[in-house]
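Peer 1: Given these sequences and hints, build the entire structure.
What follows is the residue order along each chain.
There are 2 protein chains.
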Amino acid sequence: MCVGRGVCLVFEVVLKGALLFHCEPDRVLVRVQELTLEKSDQLIWVRARIHTSRAKGKQCFLVLRQQQFNVQALVAVGERASKQMVKFAANINKESIVDVEAVVRKVEQKIESCSQQDVELHVERIFVISQAEPRLPLQLEDCVRPEGEGDEDGRATVNQDTRLDNRVIDLRTTTSQAIFRLQSGVCQLFRDTLMNKGFVEIQTPKIISAASEGGANVFTVSYFKTSAYLAQSPQLYKQMCICADFDKVFCVGPVFRAEDSNTHRHLTEFVGLDIELAFNYHYHEVIESITDTMVQIFKGLRDKFQTEIQTVGKQFPSEPFKFLEPTLRLEYQEGVAMLREAGVEMGDEEDLSTPNEKLLGRLVKEKYDTDFYVLDKYPLAVRPFYTMPDPTDNKYSNSYDMFMRGEEILSGAQRIHDAQLLTERAIHHNIGLERVCMLYLGLHNVRQTSMFPRDPKRLTP
Amino acid sequence: MCVGRGVCLVFEVVLKGALLFHCEPDRVLVRVQELTLEKSDQLIWVRARIHTSRAKGKQCFLVLRQQQFNVQALVAVGERASKQMVKFAANINKESIVDVEAVVRKVEQKIESCSQQDVELHVERIFVISQAEPRLPLQLEDCVRPEGEGDEDGRATVNQDTRLDNRVIDLRTTTSQAIFRLQSGVCQLFRDTLMNKGFVEIQTPKIISAASEGGANVFTVSYFKTSAYLAQSPQLYKQMCICADFDKVFCVGPVFRAEDSNTHRHLTEFVGLDIELAFNYHYHEVIESITDTMVQIFKGLRDKFQTEIQTVGKQFPSEPFKFLEPTLRLEYQEGVAMLREAGVEMGDEEDLSTPNEKLLGRLVKEKYDTDFYVLDKYPLAVRPFYTMPDPTDNKYSNSYDMFMRGEEILSGAQRIHDAQLLTERAIHHNIGLERVCMLYLGLHNVRQTSMFPRDPKRLTP
Chain U
1 MCVGRGVCLV
11 FEVVLKGALL
21 FHCEPDRVLV
31 RVQELTLEKS
41 DQLIWVRARI
51 HTSRAKGKQC
61 FLVLRQQQFN
71 VQALVAVGER
81 ASKQMVKFAA
91 NINKESIVDV
101 EAVVRKVEQK
111 IESCSQQDVE
121 LHVERIFVIS
131 QAEPRLPLQL
141 EDCVRPEGEG
151 DEDGRATVNQ
161 DTRLDNRVID
171 LRTTTSQAIF
181 RLQSGVCQLF
191 RDTLMNKGFV
201 EIQTPKIISA
211 ASEGGANVFT
221 VSYFKTSAYL
231 AQSPQLYKQM
241 CICADFDKVF
251 CVGPVFRAED
261 SNTHRHLTEF
271 VGLDIELAFN
281 YHYHEVIESI
291 TDTMVQIFKG
301 LRDKFQTEIQ
311 TVGKQFPSEP
321 FKFLEPTLRL
331 EYQEGVAMLR
341 EAGVEMGDEE
351 DLSTPNEKLL
361 GRLVKEKYDT
371 DFYVLDKYPL
381 AVRPFYTMPD
391 PTDNKYSNSY
401 DMFMRGEEIL
411 SGAQRIHDAQ
421 LLTERAIHHN
431 IGLERVCMLY
441 LGLHNVRQTS
451 MFPRDPKRLT
461 P
Chain R
462 MCVGRGVCLV
472 FEVVLKGALL
482 FHCEPDRVLV
492 RVQELTLEKS
502 DQLIWVRARI
512 HTSRAKGKQC
522 FLVLRQQQFN
532 VQALVAVGER
542 ASKQMVKFAA
552 NINKESIVDV
562 EAVVRKVEQK
572 IESCSQQDVE
582 LHVERIFVIS
592 QAEPRLPLQL
602 EDCVRPEGEG
612 DEDGRATVNQ
622 DTRLDNRVID
632 LRTTTSQAIF
642 RLQSGVCQLF
652 RDTLMNKGFV
662 EIQTPKIISA
672 ASEGGANVFT
682 VSYFKTSAYL
692 AQSPQLYKQM
702 CICADFDKVF
712 CVGPVFRAED
722 SNTHRHLTEF
732 VGLDIELAFN
742 YHYHEVIESI
752 TDTMVQIFKG
762 LRDKFQTEIQ
772 TVGKQFPSEP
782 FKFLEPTLRL
792 EYQEGVAMLR
802 EAGVEMGDEE
812 DLSTPNEKLL
822 GRLVKEKYDT
832 DFYVLDKYPL
842 AVRPFYTMPD
852 PTDNKYSNSY
862 DMFMRGEEIL
872 SGAQRIHDAQ
882 LLTERAIHHN
892 IGLERVCMLY
902 LGLHNVRQTS
912 MFPRDPKRLT
922 P
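Those protein sequences? They're chains U and R, same order as listed. The letter at position 368 of the first sequence is residue 368 when you use my numbering, and the numbering goes up by one with no holes. The letter at position 345 of the second sequence is residue 806 when you use my numbering, and the numbering goes up by one with no holes.
Be aware that one or more of the hints could be misleading.
[Stated by the list, open to error] Straight-line distance between alpha carbons at most 30 Å, and here's what the computed BS3-like set of lysine-lysine pairs gives: (1) K58/U - K87/U; (2) K304/U - K760/R; (3) K197/U - K304/U; (4) K299/U - K765/R; (5) K225/U - K686/R; (6) K304/U - K500/R; (7) K248/U - K225/U; (8) K760/R - K658/R; (9) K500/R - K197/U; (10) K299/U - K658/R; (11) K765/R - K248/U; (12) K686/R - K457/U; (13) K94/U - K56/U.
Source of the hints: derived by calculation from the structure; they are not laboratory data.
Peer 2: Structure, rendered in structure tokens:
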């Protein structure tokens with residue numbers, strides 16, 4: 001087990017380290033992201049995947065990758081390494097996991113292609129911990145290439161379906177690692193913010209006895225000797241909680257829609273971030289509570305997920321997400337005025353088309369420098385019949401949409417109340433996790449922010 | 462709108478406060494739990510439900526309830542209240558929501574039946590905010606009565622099915638309020654602990670193309686022109702994440718089992734707390750990681766949810782949950798020895814029956830004073846074929862169960878590894894949220910800790 005410097009060994013049956021060791025060996029593994037100038041000239045161990053490998057005479061350059069981070073490593077014939085070792089290193093299949101003992105060395109010129117740009121590793125020992133298959137269905141280098149580059153230089157990019165068919169490999173890319181760490185962060189920030197506001201997290205059933213939203217677009221489940229349905233929203237259960245005095249509840253969980261739509265923004269299963277709260281005096285209490293929650297999420301992402309945002313930006317460049325505190329609340333009339341000023345012809349009580357929503361998003365960004373805003377007081381005519389009219393002008397209503405980068409993420413309204421229906425005193429909100437992540441990062445397909453997306457044509461992996 | 466002291470008004474159409482007000486009225490609402498001696502002699506507003514009401518001559522005693530908390534209120538004919546007002550108060554239906562203006566007064570003798578035992582409210586004004594139906598399908602007083610009491614004194618208790626059929630009302634009880642707040646806490650503590658350990662939260666699909674655990678007990682879903690299944694566990698997806706270099710992942714979400722069992726501990730849909738992590742050297746790293754997570758949950762509950770634990774204990778008394786830090790890890794052989802000492806006859810390689818698990822739980826509690834422990838090194842013969850033998854004695858295996866109050870909550874094992882199967886280097890764990898809450902609180906039916914339980918006979922509410 002104990003091998004001298006410059007020796008290379010393959011432990012064919014040793015997975016992710018020493019299932020054969022019964023006590024911990026002496027190597028302390030350093031994380032790739034910790035390989036900075038501070039570690040210069042230190043001898044360290046690192047466990048990572050071989051991302052790329054390029055042999056050149058007596059040298060072999062490796063890029064070692066660990067999650068979002070990668071570092072260059074050099075195996076060169078000399079005092080510490082034999083010719084055999086260089087050859088051995090050059091022949092290790094890409095994506096294999098290796099343990100490397102190496103000295104951290106400062107580099108003269110920044111290594112632009114790696115996350116660790118200031119240092120490289122001078123390898124003294126290398127062990128293959130897990131050998132990858134020699135031929136992979138897709139190349140990780142191709143998976144992280146910015147879109148468009150493939151065409152110009154004749155190098156490949158990988159299309160969405162190939163990625164999803166080989167999701168285990170695609171998820172290893174620095175971009176995927178960053179997206180799904182950020183998504184985990186969105187959930188955490190959402191929950192922490194609401195918990196701090198006194199909300200209770202609830203768990204609602206997904207198998208229900210009657211279709212929750214009128215029977216359209218619902219999946220049917222065989223349930224012993226009868227049939228049941230998959231919940232299209234947790235709304236009914238959240239309202240029951242409000243009636244049961246929980247006052248402020250939220251849930252995070254799957255939502256199912258049997259909609260036969262094949263677009264960039266529709267999934268048949270997505271993760272709903274659902275909020276329900278009773279208000280004491282005015283529906284603006286609810287708007288404030290939700291916009292503040294969104295702002296806390298945006299701030300948390302900005303402050304704690306800068307690495308992830310930048311990693312995604314390397315492959316999918318976009319403007320940083322801007323927001324105001326407190327959140328901008330525009331009235332519908334003001335939005336219409338801005339659109340008219342930009343040349344759009346529309347009536348006072350006409351609904352916004354999707355292109356006009358997008359345009360208004362750009363106009364709001366120009367004027368107010370924010371990618372997030374609330375459009376309040378929609379015309380009563382374009383909202384459902386149970387929407388509460390604005391008591392000061394019944395052409396309008398107590399209803400609103402929230403937008404990120406010009407796309408609606410949430411629609412809310414005060415409903416007409418009725419003393420017999422306690423359920424109506426609360427306002428329901430459903431935000432799609434995948435959508436929020438997509439728009440925050442400026443991505444263009446919700447499949448990029450769903451780890452294992454489901455649509456009418458995709459049930460796997 | 463402005464009414465003098467001693468006047469009573471019903472706002473029939475005003476729900477949970479003043480949808481009619483367009484600015485906030487001057488009343489600042491105090492929470493019932495804040496009604497302590499510190500507020501003595503202050504004039505306050507409180508909004509709560511009428512829990513009980515008892516008129517007696519010129520007085521009416523109300524108990525006002527808000528979530529887990531309740532307080533006694535007195536409406537008495539005198540300077541501040543007319544005879545009409547006392548009569549009015551006495552006639553408000555139970556479960557109505559009222560706004561009360563009252564002076565907080567210290568009481569001579571503690572009010573044992575209320576959570577706020579040191580004070581009562583002397584009511585000056587009372588408004589009905591939302592009138593409840595005069596006849597309710599079940600009485601909240603009956604719902605919180607300790608089991609057994611009903612029989613002896615001839616007072617009713619409410620059976621599980623009646624509760625569930627009227628869940629909105631049953632969830633209003635102090636006991637339900639406490640259980641589901643504690644459950645929310647378990648989720649939060651679970652996630653926070655894992656996040657602090659560097660885990661990533663993932664979202665896995667619930668609609669899958671093939672039955673995840675061999676095809677038995679799986680629900681079938683109609684999926685456009687084909688069929689799909691509901692996930693029985695997120696295991697496959699978590700393993701894909703490990704292969705995709707996420708290293709440590711967890712998820713919290715629904716798990717579906719089409720098992721036709723009608724017992725105190727089976728549900729067809731429950732919330733899985735799933736952990737998957739790769740280990741570097743030894744499977745005990747995994748045991749330590751999980752037991753530490755459980756300990757953090759137990760500590761968090763003990764330190765932050767004492768009110769909830771005590772509230773549940775009033776209706777369902779149980780011994781406080783004990784645990785050790787670090788967690789007790791017993792080897793199977795030691796467990797067998799303890800059982801034999803207690804008179805159980807069993808072989809070295811014989812499996813534990815459910816009664817013997819329960820008995821061992823009691824023996825461990827007596828000897829070590831803990832309700833949580835790990836039983837490690839199960840006989841190879843009683844575990845699945847792919848379980849890793851103990852390298853020092855192949856009669857045993859690298860597998861373990863974890864127990865709370867003598868009931869298994871989690872079963873884990875190192876699998877035989879294979880260099881071609883990277884998926885196998887990780888250990889999967891699924892803990893049921895409802896089960897953990899049930900056992901922690903010493904309850905006896907998992908339906909008590911599932912807000913809207915699903916079993917072969919129940920799909921509603």
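Peer 1: So, for every hint listed, does it hold in this structure?
Peer 2: Tested hints:
1. Between K58/U and K87/U the alpha-carbon distance is near 9 Å, which keeps this suggested pair within the 30 Å criterion.
2. Among the hinted pairs, K304/U with K760/R is consistent with the structure: their alpha-carbon atoms are about 27 Å apart, no more than 30 Å.
3. Restraint check for K197/U and K304/U: satisfied, since their Cα atoms lie roughly 21 Å apart, inside the 30 Å limit.
4. Proposed proximity of K299/U and K765/R is supported: the alpha carbons are some 27 Å apart, at most 30 Å.
5. As the CA atoms of K225/U and K686/R are separated by approximately 22 Å, the hinted pair is consistent with the 30 Å bound.
6. About 42 Å separates the Cα atoms of K304/U and K500/R, which puts this hinted pair outside 30 Å; it is violated.
7. For the given pair, K248/U sits about 37 Å from K225/U by alpha-carbon distance, which is inconsistent with the 30 Å threshold.
8. Of the pairs offered as hints, the one joining K760/R and K658/R holds, with about 17 Å between alpha carbons and a cut-off of 30 Å not exceeded.
9. A hinted pair counts as satisfied when its Cα atoms are at most 30 Å apart, and K500/R with K197/U qualifies at roughly 24 Å.
10. Distance restraint check for K299/U and K658/R: the Cα-Cα separation of roughly 22 Å lies within the 30 Å cut-off, and the hinted pair is therefore satisfied.
11. About 19 Å separates the Cα atoms of K765/R and K248/U, which keeps this hinted pair within 30 Å; it holds.
12. Of the supplied pair hints, the one linking K686/R and K457/U holds, its CA atoms being roughly 10 Å apart against a limit of 30 Å.
13. Between K94/U and K56/U the CA atoms are separated by roughly 17 Å; this keeps the pair inside 30 Å, and the hint holds.
Of the hints listed earlier, those the structure fails to meet are numbers 6, 7, in rising order.
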